[in-house]
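**Student:** In order, the protein sequences belong to chains X and D. The numbers in numbering that gives the first Met the number 0 rise by one with no breaks, and the one at position 174 of the first sequence is 173. The numbers in numbering that gives the first Met the number 0 rise by one with no breaks, and the one at position 31 of the second sequence is 30.
Worth flagging that the hints you see were computed from the coordinates, not collected in a lab. One or more hints might be untrue.
What the hints assert, rightly or not - Only some residues are given here: those of chain D computed to face chain X with a beta carbon under 8 Å:
| id | residue |
| --- | --- |
| 1 | M19 |
| 2 | L29 |
| 3 | L30 |
| 4 | V35 |
| 5 | V37 |
| 6 | I51 |
| 7 | L58 |
| 8 | M59 |
| 9 | A60 |
| 10 | L64 |
| 11 | E73 |
| 12 | P74 |
| 13 | P75 |
| 14 | T95 |
| 15 | Y99 |
Claimed, not checked - Quick list of simulated restraints, FRET-style, between CB atoms:
| id | chain 1 | residue 1 | chain 2 | residue 2 | range |
| --- | --- | --- | --- | --- | --- |
| 16 | X | S186 | D | A13 | 34 to 42 Å |
| 17 | X | A146 | D | D11 | 58 to 66 Å |
| 18 | D | V92 | X | A32 | 43 to 51 Å |
What the hints assert, rightly or not - Stretch-level coverage of chain D by chain X, calculated; a stretch enters the list once three of its residues show a Cβ under 8 Å from a Cβ in chain X:
| id | stretch |
| --- | --- |
| 19 | 20 to 28 |
| 20 | 38 to 46 |
| 21 | 79 to 93 |
The beta carbon of each residue, even a glycine, is placed where N, CA and C say it ideally should be.
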Amino acid sequence: MSEGLAKGVGVARAHHFESVAQQREATTLGIWAWLITELLLFSALFLVALILRIQHPEATVAAARHLKFWIGAANTVVLICSSLTMSMAIEFSRMGWQRAMVRAMLATAALGTLFLVLKGYEYYADWDEHMMPFLSSRPFALEETPAARLFVNLYYVATMLHAVHLFTGITLLLGMTWMAAKAGFLSRHQNWIEIYGLYWHFIDLVWILAFPILYVVNRGT
Amino acid sequence: MRTPLSTLTPADRAQLKQRMRKPVLTFLALLALLAVNVTLGATLPFAHVWAIELGVVALMAATILLVSMEVIEEPPLIRLFSGLGFFWVCIMVGMTLTDYLGR
Numbered sequence: 000m001s002e003g004l005a006k007g008v009g010v011a012r013a014h015h016f017e018s019v020a021q022q023r024e025a026t027t028l029g030i031w032a033w034l035i036t037e038l039l040l041f042s043a044l045f046l047v048a049l050i051l052r053i054q055h056p057e058a059t060v061a062a063a064r065h066l067k068f069w070i071g072a073a074n075t076v077v078l079i080c081s082s083l084t085m086s087m088a089i090e091f092s093r094m095g096w097q098r099a100m101v102r103a104m105l106a107t108a109a110l111g112t113l114f115l116v117l118k119g120y121e122y123y124a125d126w127d128e129h130m131m132p133f134l135s136s137r138p139f140a141l142e143e144t145p146a147a148r149l150f151v152n153l154y155y156v157a158t159m160l161h162a163v164h165l166f167t168g169i170t171l172l173l174g175m176t177w178m179a180a181k182a183g184f185l186s187r188h189q190n191w192i193e194i195y196g197l198y199w200h201f202i203d204l205v206w207i208l209a210f211p212i213l214y215v216v217n218r219g220t
Numbered sequence: 000m001r002t003p004l005s006t007l008t009p010a011d012r013a014q015l016k017q018r019m020r021k022p023v024l025t026f027l028a029l030l031a032l033l034a035v036n037v038t039l040g041a042t043l044p045f046a047h048v049w050a051i052e053l054g055v056v057a058l059m060a061a062t063i064l065l066v067s068m069e070v071i072e073e074p075p076l077i078r079l080f081s082g083l084g085f086f087w088v089c090i091m092v093g094m095t096l097t098d099y100l101g102r
C-alpha cells in the first residue's frame, strides 16, 4: 500500500514502468507469486505431519511429547514481537522517519537472531535426549516405536527449512538496513521496506502454523 | 528525513499514535490467541481439543494475512493472487485427506 506517504517519501520510477503506481503493484504481485510457492512447500510438510498423525497416532503423540513445548511457545512470542517491529519499520518508512525505521529494522533482526539462538538450544536439548534418529552414533530414545522416527525426522526438516528462511531473512534485512540508513533512501526505495515486510510476516505466518501443527495438536491423544 | 523520537512535537505524537494503533492491536490480538492455544496445549482440558486449537491457528493466520500483510487493503489482483495460494493449499489438503480419511 502506498497511501499515507509523507512528503519526500516515495519510489523512483524504473523506465519500463508507466507509473510509480504500476511499479508498486508489480513488485507486490511479484513477491506474492514467490510467497505462494513457499506456502505450497511448507503446506506439503504440514500435510505430511497430519497424515502421520492419522496413520500412526500413538507414535506421533509419543514423539511430540518429547518436543520442547515451552521453547516453541517462547519462540512464537519472539516472532510475534518481530512482526510488530517490522510493521513499525514499515509505518516509520511511510512517515519518513528514517532513523526510527532503521532502529525498528535492527530490532527485527535482533529478534530473529534470538529465535535462532533458542532454536539452537532446543536442538541441543534434543541431541542430549537422544531425539535425533538420523544420527547413527546416538541410539534413538523412542527406538521401541519405529514410526516416531518419521515424525521426528519431519520435525527437523520443517523446522530447519524454516530456520534457513529466517537466517536468509535476517541477512537480507541487515543488508537492506545498511542501505536504508543512507540519505535519500526513502525518497527512492520506500517500497523495498514494504516488500521485505511481506517476506518477514510470511516467515512469522509459517511458524504460527508450524508451532501448533508440530508441538501443540499432537500432545493430546 | 525525520526524526529522533525524543524531539517529537504534539503533532508528531498524534501521528505516531494513529499510525501505530493497528500494528499494536494486531500484536496484542496475536499474543492473546497464542495464549489460548498454549493454555489448551499445556492443560489438554478435554478430548478433541485439537479442533479448537486449529480454529485458533486459523484466526491467527487470517490476522497476519489480512492485517499485518495488508491483503485487505491491496488492489483486487493482489488479493486474488494471495487468495489463490490458499485455494491451492485447500485443494492439496482436501484431496489428500479425502484419501486417508476415506480408507
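**Student:** Confirm or reject each hint.
**Tutor:** Verification of the hints:
1. Evaluation of the M19 (chain D) hint against chain X yields a held restraint, the C-beta minimum of about 6 Å falling below 8 Å.
2. Interface restraint check for L29 (chain D): the shortest CB-CB distance to chain X comes to about 5 Å, inside 8 Å, so the restraint holds.
3. The closest approach between the C-beta of L30 (chain D) and any C-beta of chain X is roughly 6 Å, which is under the 8 Å cut-off, so the hint is satisfied.
4. The beta carbon of V35 (chain D) is not positioned within 8 Å of any beta carbon in chain X (closest approach about 11 Å), and the interface hint is therefore violated.
5. The restraint placing V37 (chain D) at the interface with chain X holds, with a minimum CB-CB distance near 5 Å, inside the 8 Å limit.
6. With a least beta-carbon distance of about 10 Å to chain X, the hint placing I51 (chain D) at the interface is violated under the 8 Å criterion.
7. Nearest Cβ of chain X to the Cβ of L58 (chain D): about 10 Å, over the 8 Å cut. The hint is violated.
8. Hint status for M59 (chain D): holds, given a least beta-carbon distance of 5 Å to chain X, under 8 Å.
9. About 6 Å separates the beta-carbon of A60 (chain D) from the nearest beta-carbon of chain X, less than 8 Å, and the hint is met.
10. Checking L64 (chain D) against chain X: minimum C-beta separation of about 7 Å stays under 8 Å; hint holds.
11. Because the beta carbon of E73 (chain D) sits about 7 Å from the nearest beta carbon in chain X, less than 8 Å, this interface hint is met.
12. Checking P74 (chain D) against chain X: minimum C-beta separation of about 6 Å stays under 8 Å; hint holds.
13. Proximity of P75 (chain D) to chain X is violated relative to the hint, the smallest CB-CB distance being about 11 Å (cut-off 8 Å).
14. With its C-beta approaching chain X no nearer than about 6 Å, T95 (chain D) sits inside the 8 Å limit, and its interface hint holds.
15. Hint status for Y99 (chain D): holds, given a least beta-carbon distance of 5 Å to chain X, under 8 Å.
16. The beta-carbon spacing between S186 (chain X) and A13 (chain D), approximately 24 Å, falls outside the hinted interval of 34 to 42 Å.
17. Against the hinted window of 58 to 66 Å, the Cβ-Cβ separation of A146 (chain X) and D11 (chain D) comes to about 59 Å, which satisfies the hint.
18. The hint said 43 to 51 Å for the Cβ distance between V92 (chain D) and A32 (chain X), and at roughly 21 Å that hint is violated.
19. A count of 5 residues in the stretch 20 to 28 of chain D with a Cβ less than 8 Å from any Cβ of chain X is obtained; the coverage claim is therefore met, three being the minimum.
20. Closer than 8 Å: that is the beta-carbon criterion, and the stretch 38 to 46 of chain D has 5 residues meeting it against chain X, so the requirement of 3 holds.
21. For the stretch 79 to 93 of chain D, the stated coverage by chain X is satisfied: 9 residues place a CB nearer than 8 Å to a CB of that chain, which reaches the threshold of 3.
This entry does not satisfy hints 4, 6, 7, 13, 16, 18, going by the numbered hints stated previously.
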